[in-house]
Structures are given as structure tokens and as C-alpha cells.
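Build the full structure now, drawing on both the sequences and the hints.
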Amino acid sequence: MKFLSGLSILLCFSSVLVLHHVQAQNSTESSLLNETTTTTLPAKNITGVALEKQRADIKNKRGLGKSTHYYNYFCPFTTTTTSAPSTTTTTTTSAPSTTTTSPSTTTPSTTTSIPTTTTPSTTTSIPTMKTTAESVQKLQAAPEALTLRAKNEPLGLGPVVRISPGEVRPAVFKSRGGRKYYAFKGIPYASPTTNFQRFKEPSPVSPWDGVLNATNYGPSCIQYNILTSSVEGSEDCLTINFFTPKLQASRARKSKLFPVMVFFHQGAFMFGTSSDFEEKYMMDEDVVLVTVNYRLGAFGFLNTEGDSEALGNMGLKDQVLSLKFIREEIANFGGNPNSITIFGESAGASSVHYHLLSDLSKGLFNRAISMSGTALSPWAFTRSPRKMAKKLAAYLNCPTMDMNELFSCLQGHDARVIAEKTKDLYVWNTDPITPFAPSVEVEDSLSSFITQSPYNLMRNGRINNAAPWMLGVVEDVCLLDAWSVLLEPTLLQDLSQDWHRIAPVTFMYKETALEPDAVSNQIKAYYFGTKDVGNETASNLTNLYSDRYFNHGIRSSALMHVQTNEAIPVYLYMFSYRGTQSHTKYADISDILGVSEGDELQYLFNTNRFSETALNSTDEDISKKFVKLWVSFAKEGKPTAVWGDQEWTRVTPAQVKGDEALKYYSLNEKCGFIDEPFSARMNFWDNLPLNENNNELFGTINERGQSGEDDGFFSSFITS
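When you line the sequence shown up against mature numbering (1 follows the signal peptide of the UniProt record, and there is no 0), it's residues -24 to -1, 1 to 696, in that order.
What you were told as hints is all true, and nothing was included just to trick you.
DSS-like cross-link-like pairs, simulated, lysine-lysine; straight-line CA separation at most 30 Å:
| no. | residue 1 | residue 2 |
| --- | --- | --- |
| 1 | LYS600 | LYS150 |
| 2 | LYS500 | LYS363 |
| 3 | LYS614 | LYS600 |
Here are the computed distance ranges between Cβ atoms for each label pair:
| no. | residue 1 | residue 2 | range |
| --- | --- | --- | --- |
| 4 | ASP508 | CYS385 | 40 to 50 Å |
| 5 | ASP185 | ASP335 | 29 to 39 Å |
| 6 | TYR502 | GLY154 | 50 to 60 Å |
| 7 | ILE650 | LYS614 | 12 to 22 Å |
| 8 | ALA442 | LYS300 | 12 to 22 Å |
| 9 | GLU612 | GLU542 | 12 to 22 Å |
| 10 | PRO375 | GLN473 | 30 to 40 Å |
| 11 | GLU512 | ASN314 | 49 to 59 Å |
| 12 | ASP185 | PRO629 | 53 to 63 Å |
| 13 | ASP262 | ALA370 | 49 to 59 Å |
| 14 | ASN373 | ASP493 | 27 to 37 Å |
| 15 | LYS156 | ASP508 | 51 to 61 Å |
These are computed hints drawn from the structure, not numbers from a lab. Note that the Cβ used here is the ideal one computed from N, Cα and C, for glycine as well.
Right, here's the structure in full:
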């Protein structure tokens, strides 16, 4: 339990900051937003000792209950919510401010201050026809929005900028290198997806009156946080954040515009929020960074397979709408609409791959980066979405035979109850890891995101966005997944003694193997031989998790893209730098050295995941190189020699055919190409008797029929 408690503290670190400072933040935010000139704010004095005390307090108070297998790529990092009985709003008239990027020309405008108390747990919908900046401010007043990270305090307010829906005012910050930049947070890009809009595709945001003070993040999308055993966020959550070192007064000056990088967060399509990734490292570069909220869990991915209005992939359609919003408005934030790179980690990385395949995303971006995840990752695609919809409905006492009745019942339920019931869908700890994820939609829907499985889309040449693609993985990507089992006696005993029932669920071949027992035998023999699953075979278990969850899907995706279209530049990398800070250090397994999933994000973003301990000189050098490398790809469509002295080469047709060794560019203190380090293991997975990529079984819905009946497997695992 020591490991699980440490991991829980680690993953919810941002919550600690919120709980301890929310009152002070409320007061500071309200006074800041009533100012019209740049005002210097006092820095918060948060010491390392204080932070450790906060962690200890949370650890002592949080009851973890039943042992839970915490997956690193869930990493919600969402803030723990508190609620007040009421919300107060005050409207003030500000001093004159400009509606362009130049602060010297003034015109009167009305601003709405953010309330100093938090909203109740229920959400208030913004009017669908006409909304006001004040009503948006109420949305932003949720506890998730009240944190300004301790490491990067605002300098004051920036000039008002006009975009299509209305006017917005940013806060001003300084980057790591001391460069001033503007942060526009919590801007709505879609109308509320509440009430009768639940489970439906998003629609564009309605205009607002007055000036929206875009200085707070919007609430996270509603989700069940397995780490805190609580429901967090709001249904009304579709907001976007822009960070830019410059503002653009004229759309005509496109030659001066910066490339744009749009980040989709991780969280297994079940958790996470855009506010977890602080921007100040990237603001040293000539780039505009955008982060996006999208619907999660059942709210984002419920699919009844054509028998109701729940068509699936709403979360991905949210991302599509956000990309349309970005292309339309990005010039106002100094960004080039013709130079947009989408990138993400884990579920965000898989989202990026889906956009490469979808007709809906065509023409909305120019380059793509997938960090640890693709659409071929087994957790990134649901083959039986109707079964999961019926399972959730049963837990909520909704009809399960008629899909229209099921849909109406779920649409009428309280959102927090739906989110809370998500936990009942995990049948062995947190497996299956993605109860709701992208899935195939009906053929005749004009707004379908995908109508075939990702594998079939690629096999049939349906790569609809021929953008340069860089993808890769961290060296020991599932280190924490393995050790969360090894250090929990109950889980280890379960896996060892009940391998043939648990392995098909955990490693996700229950629905794709014609003979799951035979596959289980092959996997155990290959990875463990005659040895038991335990500390002696820890690296073997890490390899098994890593290969199944990430390595094989990433490799297969890269090869299939090149095989489908040799003209598409595809680049592979492996992040192998182990720095001062790591998830293993704060999960009480610091003696287990390796590079775990998510470790690389601390070098791109000031995530505050670990502590306030500064990066050492080597870490900071790696961070600066990492940022420059990603930005270079956004600018040029290929990774340049800003990290290492070798020219990156693309995946070649000869490598696809097996005539040459597949190469990964190793990102470490010493960079360079390495031969694929796990090629033999990948060949093992290539040759396993799995039908998950078989068109006859798992192509379109029309090809395979509907998958609504429960075979009893799920209920056989559920315990009281």
C-alpha cells in the first residue's frame, strides 16, 4: 500500500496546491481582474517543507479502500473539487481598453469579474442562443479553474483581443527565459453539451456580450477520479487555452505569424484536463501553444451502434470542432492557420493518430506528433461499445433492450451519478482500462468520425491526412504498471494464480483471440518461461505491459503508414533519458531505475507533477533541447539536429519489408539512431493467433453485426 499511496499523492499533486491555496487564490484573482493595467502580484511562498506536509496530510486522510491497480497513463492530475452554497458575481466597468493588440488605442468595454466563491456541484448551462461574458465567468469559477501555478505567477492583464464569438482579455506571464507572453484560458469553443445535448456531437459556441476575462482555466470535463474516489469536473467543459508570445493585429500579416502546436491531454479517454500542462517552457520559442478540453468516458464515447442518437466518438468530434475554431481564430493570437501541428501523449497521442485517419479532420492540421500511443494501441479502440453502454445502463437501472429507451434514460440521469458508476465497469481493479474509447460508427451518418477499425482504415489506404508524423515511446513505458502489481500482494496473487482469466482482460485479447487460453499459455511461456510472475521477473512483466499497451501498436502504425503511402514522412523516436525527477521516485520505488510513461512531459511542460525541486543543469539542458526539437518539427515538418548531431531519417520501405533494421532515434544525453531494441518481441506479437485486425470479425458494424449481449464474463469478475 505504500506504493499505491505514494503514487496517489504523486498523481494528484496539483490537487494539493488547490486545496491549500484556493482561498488566497480567490481573493488574488478577483482583485487582479478588476485592474486594467499590468499589476505586479506578490509571489506565493510555498516551501518544499510545506509541500511535503501537504502530501502527508492528504496521504493520511485519503482512504484507498480496496486495492486498486493504478495505471500511469490514467494520470488524471485533476483538482479535487470543493463547493460553496452559492455563487456571487459582481460586474464592474473597467477603464478603457483596446480591442486590438496595441494597448495605446483605447475604447470603453465592460468586464465581468470572476466571483470569489466557488460554484455548487451542479452546473449552470450557458444560454444556447446568446450568452454573456458574465455567464462564462460563472462557468470558470469552478474550483478547477482557481489555481494559478505557484511556479508561474501572472504579471497582470493584457490587452483585449476580439475573436468571432466576442472579446477576450488575457493574463500576462513570463517564460522560463524571461520572455513576456499572453495566456488566454478557458475560452469556450462549443455550446454546452448538457441536458438534451448530452451524448451528441458538439455545436459551435454562441456569441457573448462584454469582455471575457480569459485568466482562469475552465473546469475539467466530468470524470470519475479513481485516485480520489470522487467525481470531478463539469459537463459544461468544452474550453480551449491559447498561449502566445505575440498578438496579431491584422490577419494580412500572415508571413509574420508563428507556427501553432495543439496539445491533446492523456488519460485513457477517461480522465485528465488541459490545465495540467503549464506552458512557460515552450513560450521561449516562436510558437503558439494551444491546449484543449474534450469530453471523456461515457460522455465522450458512448456508442449504441446505430440504434439511438448516441453515435460515439463525441470526444474526438470535440477535438475536430476545436481544430476548426483554432484555424478560424488563431491569427488573432499570432498563430499561422496554415502551420498547425497536433500532438498528444497516451490517449492524446492516439487521438492524433485518429485525426490522421478521419475524413472529419481533413485539412485542419499540417503535422502530427504521437507520444506513447496510436489508434492501434489495444486500449484505444472499443470493439463492443454497445455492450459497455448496456452495462452502464444496467448499473443505473435504465432499460437495456431498447436502445432509444436506454439513451433517454441515460440522458435524463444526473451527470455525476453517471460518472460515479463508471467505477463499476472495471472488472479486475481498473481493467478493462478504457471502458469507453473510440469505436466504429454507423456507415450512413454524415458526421461519422470513423466507419472502419483503425487497422482496416490503414489497410484500405484510408489515411486521409498525409501529414508528416513523428511518433515514439519512452524506454520503460509501463514500468509503473508492472510494479503496481508486483508490490501489491493481492494483485500479484490474482495474476499468478488466475492467469488464464485475468491475462485476457488485462492484456486485452479476450475479444480478439479465438482461443484465449492458448494465447495466455503462449504469452506466459514467452515472457516468463518456467518462472513465476514476481520480483525476479519484474523486467519481463514490464516488457509484457509495454509491448502490449504501446510498443507493438506504435511500431505497427508506423510501418503501415509507410506501406500505405511511401510519400508520408514518418519518424520514430525513443525517449530514454532518466532525470532527477521520475514517477518512480515519487511512487516509493526510486531504486527501480527506468524511464516511465509521462516522465518525458516534465521536459516539455512545467507540470508541477513532482515537487518544486528545480531541474538540475543536465535536466534543464535536456528540457530546452526537447522543446526546440518539437518546435522544429512544428516549423519544418521534420525533426532537425537541435538535439544530437545526426540527421533524422524517415522510416523506409526497406524497413517495412524487413530488408533493413527498423531504426529509432534515441533521445538521451547522447543521441543517435539505434536498431529496434525489441524486434524479436514484436515478431512474437505479430504471429500470435489474434483476430483483432481481421476485417471479417472487426471491420464495420455492418460487417460484424452488433455486439450488445453480455457473455457473462464481466459479471463473473465483479465482487462486492
